[in-house]
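**Student:** Chain residues, written in single-letter form:
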Amino acid sequence: MRCQSACAVLGFLNFTQGGLRSLLFYKMLEVLKRPVVVTTNINLNIVALTGVGLLSRLWHLSYPRAVVFDEVYYGQYISFYMNRVFFLDDSGPPFGHMLLALGGYLGGFDGNFLWNRIGAEYTSNVPVWALRLLPALAGALSVPMAYQIVVELRFSHCTAMGAALLLLIENALVTQSRLMLLESPLIFFNLLAVLSYLKFFNCQKHRPFSLPWWFWLMLTGVACACAVGIKYMGIFTYLLVLGVAAVHAWHLIGDQTLSNVLVLYHLLARAVALLVTPVTLYLLFFYIHLTLLCRSGPHDQIMSSAFQASLEGGLARITQGQPLEVAFGSQVTLRNIFGKPLPCWLHSHQNTYPIIYENGRGSSHQQQVTCYPFKDVNNWWVVKDPGRHQLVVSNPPRPVRHGDVVQLVHGMTTRFLNTHDVAAPLSSHAQEVSCYVDYNISVPAQNLWRLDIVNRQSDRDTWKTILSAVRFVHLNTSAVLKLSGAHLPDWGFRQLEVVGEKLSRGHHESMAWNVEEHRYGTSQEQRDRELELHAPTQVDVSRNLSFMARFSELQWRMLTLRGEDAEHKYSSTPLEWVTLDTSIAYWLHPRTSAQIHLVGNIVIWASASLATATYVLLFLWYLLRRRRDVHDLPEDVWLHWVLAGTLCTGGWALNYLPFFLMEKTLFLYHYLPALAFQLLLLPLVLQHVYDHLCRSRVQRHLFSTLVVAWYSVACHVSNKLRPLTYGDSSLTPGELLALRWRDSWDILIRKS
Amino acid sequence: MLCASGRLLAARTATSLPAPPRGRGPALRCPRRELHFPGNPDPPSWDCLAGRLTRASASPHRRVILRRGRMPPAVGRGLAGSELRLRRSRCGPRAAGRDVAIQAAARSPKRPAPGSWRFEVAGRRAMLALVTLLSFATRFHRLDQPRHICWDETHFGKMGSYYINRTFFFDVHPPLGKVSSVMLIGLAGYLSGYDGTFLFQKPGDKYEHHSYMGMRGFCAFLGSWLVPFAFLIVLDLSNSLPAALLTAALLTFDTGCLTLSQYILLDPILMFFIMAAMLSMVKYRSCANRPFSAPWWSWLSLTGISLACALGVKFVGLFIILQVGLNTIADLWHLFGDLSLSLVTVGKHLMARVLCLIILPLVLYMAIFAVHIMVLNKSGPGDGFFSSAFQARLSGNNLHNASIPEHLAYGSVITVKNLRMAIGYLHSHRHLYPEGIGARQQQVTTYLHKDYNNLWIIKKHNTNSDPLDPSFPVEFVRHGDIIRLEHKETSRNLHSHYHEAPLTRKHYQVTGYGTNGTGDSNDFWRIEVVNRKFGNRIKVLRSRIRLIHLVTGCVLGSSGKVLPKWGWEQLEVTCTPYLKQTLNSIWNVEDHINPKLPNISLDVLQPSFPEILLESHMVMIRGNNGLKPKDNDFTSKPWHWPINYQGLRFSGANDTDFRVYLLGNPVVWWLNLVSIALYLLLGSIIVVAMQRGAQLPTKVEGLTRVLLQGGGQVLLGWMLHYFPFFLMGRILYFHHYFPAMLFSSMLTGILWDTLLRLCAWGPASSSLARAVHAVGILSLLLGAAYSFYLFHPLAYGMVGPLAQDPRSPMAGLRWLESWEF
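So the protein lines, in turn, are chains F and P. With UniProt numbering applied, the first sequence covers 1 to 752. With UniProt numbering applied, the second sequence covers 1 to 821.
The set of hints was computed from the structure by calculation and includes no laboratory data. All C-beta atoms, glycine included, are put in the ideal place defined by N, C-alpha and C. Among these hints, one or two may not hold up.
[To be verified] A few chain P residues that don't get close to chain F, going by computed Cβ distances all over 12 angstroms: (1) Ser293; (2) Leu362; (3) Thr490; (4) Trp566; (5) Lys580; (6) Thr635; (7) Leu727.
[Unchecked claim] Reference excerpt, derived from the structure (chain P facing chain F, CB under 8 angstroms, subset only): (8) Trp568; (9) Tyr578; (10) Val688; (11) Arg692; (12) Gln695; (13) Pro697; (14) Lys699; (15) Val700; (16) Gly702.
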């Protein structure tokens with residue numbers, strides 16, 4: 001108790017200063033009579049915590065002037081932003097990347113740096129300090145925020161100080177905040193969402209629909225959107241807040257002192273703030289992202305032709321001004337829409353299928369048809385009307401419509417696309433697709449294809465460049481032209497296999513193709529046509545995709561892009577996080593053994609886990625006893641205890657347990673958001689034990705002493721690990737070995 | 001009697017709403033009914049915004065009154081009492097019908113004379129008999145058609161044969177051991193004179209003279225019980241005969257359920273046990289007012305038994321276990337909160353459930369498994385998937401009753417097996433890695449089957465002399481030694497170097513190198529035993545070893561990825577630079593041949609039963625996870641299922657074939673789909689209204705209780721059997737939806753019956769109300785029957801032109817383009 005009052009005395013000093021207060025009309029006169037007096041409370045605790053928070057995170061921020069660990073990954077995206085080049089990153093939505101890029105923009109970064117390896121020295125044009133500033137600020141501000149959350153949970157100021165100080169000295173959090181990484185902004189917005197919801201909730205009792213009530217409610221939604229926008233992981237906190245808000249809203253519905261209309265207003269306000277706002281903001285992030293990145297870049301290939309055409313340079317340069325409607329006699333390249341395993345174009349070349357495959361099966365020995373992942377003159381096909389002989393476009397052009405029967409003629413070899421009842425080279429259940437060569441052995445040509453526009457509006461739709469997804473259905477066998485996804489062996493130059501799928505079980509994107517490059521053919525002679533095919537297409541009209549179309553495509557690709565399952569030296573499993581059985585070496589000084597190492601304060605981690613377990617056990621104990629009508633805690637204490645537990649333990653569990661189900665490569669830093677919630681819980685449990693479980697004065701004194709001792713140990717450990725956190729001092733191999741408290745920590749020790 | 005009535009009341013409250021116990025000032029303490037959550041500890045008072053909303057002090061009273069209104073004590077005290085008395089005898093088989101009848105009478109718009117319950121009971125029994133008969137008739141009609149293997153019959157029929165021949169097999173397909181069911185199929189086949197000689201090679205093969213009707217009949221028999229089970233469940237949940245009839249009709253007339261029940265598949269068996277578990281759970285919960293009575297015990301233990309069997313059939317059985325588990329927890333929670341029960345009584349309840357729902361199923365499950373293990377004691381095609389110790393117990397396996405030298409010595413010929421399940425033996429063959437994939441040297445892979453190419457000779461790294469020369473003394477290999485592994489067939493050394501591995505780009509390639517055992521320093525490996533001290537000998541089979549490449553420091557492992565055609569689809573072997581200990585990089589020595597050493601018997605290796613259990617499950621789970629769909633193939637997605645988007649071809653595709661197509665009856669399925677949406681809408685309206693304190697008339701309140709509790713129960717079942725599939729990475733099929741479909745049909749029955757009663761209740765006079773209700777139910781029944789008449793060729797088979805053709809019997813019925821018939 002003494003401690004609490006001391007904190008309070010220290011905490012609240014009143015200042016009177018000039019400032020602002022909104023005044024109504026008739027009060028204007030009074031203003032003239034009386035001086036403007038505005039009272040502000042400044043909680044010195046918060047000021048002090050912000051100060052030390054900033055100090056710990058910003059101190060020597062631009063050291064080391066070298067690429068540290070994942071900076072190599074995020075850095076390249078910052079450069080893309082600076083150069084406004086389009087990229088696709090499946091690790092998370094763009095808001096986090098944009099935040100980092102904002103730092104670069106403010107620091108005047110020109111994007112010219114090659115992010116190729118960890119440890120590379122930054123050149124002088126890289127504003128390291130500015131780039132690392134935003135994450136560091138987010139990390140620093142999390143400290144006073146933790147304080148406020150605990151206060152809003154109606155625990156004592158002393159406890160609140162405890163929570164903030166734990167966040168302050170936790171080595172892993174410090175390390176992670178001081179670099180160009182996204183975890184500290186994520187934690188910041190997670191905590192902000194919880195804090196503003198609590199503020200809103202505490203307003204609810206006394207002043208619903210007041211200005212602060214609206215402010216905090218909207219801020220909750222905004223913070224949730226930002227958290228989700230930084231990493232998909234933020235969705236867990238969003239769900240937590242939504243869940244708590246839903247339960248509270250349910251109580252509101254049950255409150256029969258409110259009129260129905262008022263309840264409806266309450267629900268609507270929550271729906272707007274917690275559902276509509278986040279969705280809108282999320283879309284806004286993508287809007288800014290797509291507006292910023294308007295130039296074509298290295299990841300274009302993954303996107304559809306239409307998307308590529310909307311970027312400056314790249315495909316847009318080629319496709320601009322192509323005729324829109326494909327006509328009989330058009331020259332086209334056909335791109336597979338599914339594009340997996342590789343984006344590719346329908347292709348053929350002089351070589352034929354081997355007469356006998358390795359496994360003894362035979363082939364038709366006709367010309368190979370494949371799917372080729374590079375642009376090539378052999379990707380050109382001419383759309384021919386079976387009834388005419390000409391390979392040029394008539395005047396006026398006769399557009400091809402859904403349901404028309406066409407022949408596809410390979411531009412360079414003038415052979416017809418054909419399929420027949422011969423097993424395909426690799427997918428033996430499907431038909432082989434070839435360009436027909438007449439060997440005069442009673443294998444007739446079967447080269448008629450019916451055009452089936454998948455995304456047609458009406459049954460008389462015309463075939464449009466880029467926009468139409470079409471299927472080619474073989475007239476004789478009703479097989480569908482399909483990319484099987486298999487790589488042909490050496491005789492097929494490792495290009496992708498194309499087959500006629502006969503047993504088509506429903507539509508799949510690998511059967512759909514779209515025209516990418518297109519021009520009206522004008523030369524009837526083969527020699528002229530070859531020249532024509534070699535020439536680039538050039539005309540000029542631009543085709544714009546709506547934002548929603550671009551957004552949904554980008555989002556879908558981000559979610560479904562499957563990178564190679566990268567094994568990593570420092571990857572770990574969720575179980576190793578709680579016990580801190582793993583660590584990550586972030587950076588090593590090129591000459592000395594100064595190094596940055598992501599490793600947590602082991603005392604804090606252990607006691608936080610212990611506190612979580614204690615909380616759960618105590619909670620269950622109380623709950624069971626209450627069910628038997630034994631009330632150990634007064635009602636309001638119990639409610640606060642439950643709310644605190646739901647937010648902190650729930651936050652921890654939601655941010656931690658889903659990782660057990662994930663199959664991607666995981667690292668220790670994925671645990672940090674969960675840890676932040678756990679650190680909030682720890683002092684709460686301590687205070688609860690002090691208030692309710694220590695019965696006599698002696699016990700309380702003893703407990704306080706123990707807590708102080710424990711905190712000193714935590715500080716000591718934190719200080720011991722400081723060289724690894726800041727990487728500023730070089731330790732001798734002996735000292736480093738002494739720091740290797742667990743065998744699994746890979747602390748780097750230089751030989752000699 | 002007094003005590004008993006107290007308990008009765010308690011049990012009653014436990015099943016419905018938790019009312020405050022009597023005699024303890026119930027009204028004022030009034031624990032709030034909602035989920036307790038912080039916040040709103042006091043009712044808010046709105047003085048700041050709108051003064052008029054400041055709450056009246058009378059509110060506690062009001063709440064009590066409302067609560068009463070919901071609990072019907074005022075009017076219903078007497079009624080509730082009588083209900084209780086009747087309920088008490090409800091479990092007793094003799095009185096069951098009577099109570100049900102009276103309850104139903106209380107609900108039905110017009111209360112019949114008290115004596116008519118006899119008539120009601122008779123009617124119900126007659127209906128049950130009729131429904132059962134109809135179900136059996138539809139399932140057994142044309143069961144022998146077609147006379148060839150359909151779809152997955154090839155799988156399960158084959159396994160049935162394995163059982164009859166007692167050959168050990170590994171089945172990737174089932175997750176948790178469909179042991180019991182395949183055993184049942186096997187047994188059925190055995191009893192009906194099937195001799196296990198038919199090969200079950202591929203769909204379409206003719207059965208000829210082999211007797212297959214026993215196995216099909218067995219599946220159809222179990223499948224037929226689904227309908228009466230659903231009937232009884234709905235009857236118990238809703239106390240309404242029309243609802244039960246409607247459910248039974250939906251299921252009887254669903255072509256999908258019918259088709260699935262007619263073939264040698266696991267699904268009818270699985271669904272039988274799922275429904276049996278559900279039925280017995282519902283029954284035992286309706287006995288809750290007479291705990292520890294004989295029917296209570298029997299239903300409880302039946303629940304446990306059905307659960308064990310359901311899980312024994314397929315992984316999907318887990319979902320019904322989850323449902324029963326959730327129900328049990330809720331049940332216990334209510335009992336625990338009932339202060340009139342002593343803690344000892346609550347403890348008894350808990351123990352009874354632990355006994356019947358955990359221990360009994362576990363014992364049963366293990367017993368089934370033990371039988372499986374005992375029956376299959378011959379070596380078969382699945383051996384290689386299992387560990388060395390496991391194989392030692394299969395007769396015919398080379399490890400069975402084998403005796404081999406215990407300690408590894410130089411010169412021994414060995415096979416090296418990866419410790420991760422289903423990876424196999426270290427293997428090499430004369431083929432080289434193709435051009436462009438690392439160095440063009442001899443391939444090293446892992447191979448699941450036993451083969452002479454799995455043999456390696458262990459040699460010292462620095463001498464090439466033959467250690468088997470009798471003049472040399474025996475020298476044992478010790479932990480930490482530098483060794484060389486020479487492939488026996490090709491005399492090349494196990495080798496690694498700084499080239500990237502063919503599939504896992506971050507690892508190094510492993511090859512066979514050198515001629516006649518002479519290679520270079522990249523052939524040297526340090527052999528280490530996990531968790532042992534340096535200098536110890538290495539034990540065959542029992543030592544877990546790692547091979548560390550001396551030059552690069554990487555560890556020999558298998559990535560588990562399948563190599564392309566050039567590697568014969570064997571698994572990739574790599575040398576991983578990440579020194580983490582995973583099972584992929586740990587090996588053991590299996591075969592060991594060294595004439596200079598004495599052999600010891602391997603009986604010590606016999607694994608204990610729990611080990612066998614664990615290992616077979618691990619292998620099955622792994623196998624199941626391995627069933628991944630390929631990128632460029634069309635696969636069935638969970639969202640296709642409820643809308644009946646696409647069926648499965650059971651037999652035949654062309655117009656000359658005998659075609660059977662597994663597809664739900666679209667009328668039934670779409671009705672189910674609409675019902676779920678309608679239920680959610682109606683349910684949420686009612687719940688919100690109740691939370692707002694709306695006072696419902698007694699009759700409506702009874703209906704809403706049925707809707708919320710009975711309907712909620714089956715809705716939970718539907719969700720538990722459907723949504724988890726969205727999370728599954730393995731390849732999915734249409735027939736996975738059928739357990740969920742059963743629940744969804746039950747929901748439809750309950751919903752429409754209640755909805756029609758609600759509609760009829762509103763404005764009309766009682767005779768009109770009954771007419772509306774009767775007409776509604778009847779039209780639904782007839783609709784289902786007529787659609788079955790239209791679609792029955794799907795299930796019973798059709799020949800002739802496809803549906804596009806106007807001459808086809810199915811012409812005009814292809815309502816979705818995606819249906820293929």
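**Student:** All hints, please: hold or fail.
**Tutor:** Results of checking the hints against the structure:
no.: 1; hint: Ser293; result: holds, 26 angstroms
no.: 2; hint: Leu362; result: holds, 24 angstroms
no.: 3; hint: Thr490; result: holds, 21 angstroms
no.: 4; hint: Trp566; result: violated, 7 angstroms
no.: 5; hint: Lys580; result: violated, 8 angstroms
no.: 6; hint: Thr635; result: violated, 8 angstroms
no.: 7; hint: Leu727; result: violated, 8 angstroms
no.: 8; hint: Trp568; result: violated, 11 angstroms
no.: 9; hint: Tyr578; result: holds, 6 angstroms
no.: 10; hint: Val688; result: holds, 6 angstroms
no.: 11; hint: Arg692; result: holds, 6 angstroms
no.: 12; hint: Gln695; result: violated, 11 angstroms
no.: 13; hint: Pro697; result: violated, 19 angstroms
no.: 14; hint: Lys699; result: violated, 24 angstroms
no.: 15; hint: Val700; result: violated, 20 angstroms
no.: 16; hint: Gly702; result: violated, 22 angstroms
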